[in-house]
Amino acid sequence: MLNYSEKIRETASRLLKDKSVDLFIGYRKGSVPMMNEPVLIREQAMADQLYWDNFCGLNLCNYLTKRTEKIGIIANGCNSRSIITHIIENQIKRDQLYIVGIPCEGMIDHRAVARAVKQKEVLDVQQDGDKFTVRGPDFEETFEKQKFLQGNCATCLHHNPVIYDEMLGEPVEEQTGVEPYGDVEKIEEMAPEKKQGFFTRLISRCIRCYACRNACPLCYCPTCFVDESNPQWVGKSIDPTDTMTFHFLRAYHCAGRCTDCGACERVCPMDISMRQFTKKLNKDCWTLFSWEAGMTPDQRPPLDLYKPDDYNDFVK
Amino acid sequence: MTDKVFTKEDWMGTLQRLQEAYRIFVPAKDGDFHSFKPLDEVTSPDFDYPNSRLSPKSTVYPQSERMFEYTLDKTDSEVNIMKESTKDYSPQAIVGLRPCDAHAFQIVKRNFDNPDYQDPWWVQHFESTTFVGLGCNTPCSTCFCTEVGGGPFDEEGLDILLFDIGKDYLARVLTEKGEAFLEKGAGGSVADNAALSHAGELVTSASQKIGSSVHTDKLKEKVINDLFDAPFWEDLAFACLNCGTCTYLCPTCWCFDIQDEVLEKEGDRIRNWDSCMFPLFTLHGSGHNPRDKAFQRVRQRFMHKLKYYVDKYNNGVQCSGCGRCIRYCPVNIDIRKVCNLMNSA
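So the protein sequences, as listed, match chains F and E.
Just so we're aligned, residue 1 is where the first sequence starts under this note's numbering, counting upward by one.
Just so we're aligned, residue 317 is where the second sequence starts under this note's numbering, counting upward by one.
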């Protein structure tokens, strides 16, 4: 995975030099461990800042919305699918993009790492093949990467980019036999009161900072419904009803569009598992419409489409 | 005022007794992190913690606070009259807060309690609070309290400072409020020389562990417009999601929004924490937004903390170096880098 850093730099450098792109969007290494910073590179000389490892869990598609330049961008499986969704929804044009594909091995869950070292301060993480070594002021431990993947990566079925102009490596083998919706099924089986209790507890810590919404490439509305003031749909205090309204409505706005990239959960400062909402809708889209978001630019998402000859009776 | 020593077990007993006189907030484990919670709501406090995820500011300045109540019922003689909501200003104590967070309350005090303005609710909550700090034996790599006028064992803004000296806590009383607190709690014994010298060693070793170097010395002499128009803002702000993580986790961010919420004929006027990262923060009634672009909002946050505050109060920066925004910014915008960039611009 680390080897891609050099390849990304070379590619970005070439694209900027021959002016096939105006700018390049990738990551640079962060100032704290397990954290990288999305970066926009305009000059070839700056391309050596680019970096890639298993902590690039934000979705770079978020930075494409309504841009007008010709853009080079790194994309792994889920990011490429979000880019497709962006193209379908007219947030960016395909011919504006030069997509540099990376076969993804999954991102490491920084919270799981912190848990494994009992919340002691991590000062450095070094990756080496399938393993990584975590170092703190008075400890050093080596872990297997596979056991520390983000939840969405552990059950991901599309590690390889779906759309690209150039691939930086051989495609990785896609997983088979994974059960992506085991957790959703457990919630579905709950009685209504228990389910209500589960959701209430799930979001009870929410401080309405909107990091989940802002990290989501789907949340590009010029004014989000929670920010509307005339009329005002949702209260702005931390009243649990308003907080729940925010999370439920945001999830529904993502139905049929979410690629389960996990950016929302990754950025949450309060460790809330809000993917429980979007995953249910992803599951419904799969079981009702055989639909996975962002697999092709030629078809609109099911909830975004009306066909007079639809096979479902209820639309007629 | 004499330093006292409590065994950690006795200290818990003292806190239990103090509950009769104070509402006591303590750090407690909450999933993977720590939060300040009322002692009677937690199974066991955990003082062996780096720092709380959210700062303790909400104990004095709640995220949502009812200011006034009113009725819209026209048959009521008091229709449309704002009445101040009843509040609880009985004594409370924050026990185990870090010196950076105590320093932060002093920074916020300059805004909410100064000769020109006194925020009645903040001031009353603040005055009803006893601040019992716990010095930091092992500051984090993202901490920089010593660079912004504080320190891992800084006494500013504290009524009592606790030193974790192994099996015991040494409690240093710093104010009359602190003395009253310990008197009510009873217990403990007079600190002997061994305990005092242990505490002294902790102070020295902890300060040496702060590795971050943050320069603020030239901020005051900079021309505001030069910094405002500096070329680095757009690049610096590119990754920013414009979420409220930094502002809501920050112990020194004090901005709020006022909202009216009405259910049928009963209304509440509530103030909620607000964030200068949100476009709505500056949206005018006309539809115009003077900070329409994301980078303008990022610039505002850093200019406020590191320039406007510096110029206005002449008392350092509006940052206590707790490092929360560095650790939890989802896109790694690092205030240490920004501050050094502004200082050397």
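Mixed in with the good hints there might be a few duds.
[As the list claims (entries may be wrong)] Taking lysine to aspartate or glutamate pairs in the EDC-like style, the calculated list, with each CA pair at most 16 Å apart, reads:
no., chain 1, residue 1, chain 2, residue 2
1, E, 525, F, 271
2, E, 345, F, 166
3, F, 120, E, 348
4, F, 195, E, 533
5, E, 525, F, 284
6, F, 7, F, 166
7, F, 118, E, 364
8, F, 120, E, 326
9, F, 19, E, 362
10, F, 118, E, 392
11, F, 186, F, 284
12, E, 500, E, 348
13, F, 118, E, 326
14, F, 29, F, 138
[To be verified] Anything over 12 Å on all C-beta distances counts as not near chain F; from chain E, calculated:
no., residue
15, 324
16, 389
17, 455
18, 593
Everything labelled a hint here was simulated from the structure, so no lab data went into it.
Where a beta carbon is used, it is the ideal one built from N, C-alpha and C, also for glycine.
Report the numbers of all earlier hints that the structure fails to satisfy, in ascending order.
1, 2, 4, 5, 8, 9, 10, 12, 13, 14, 17, 18
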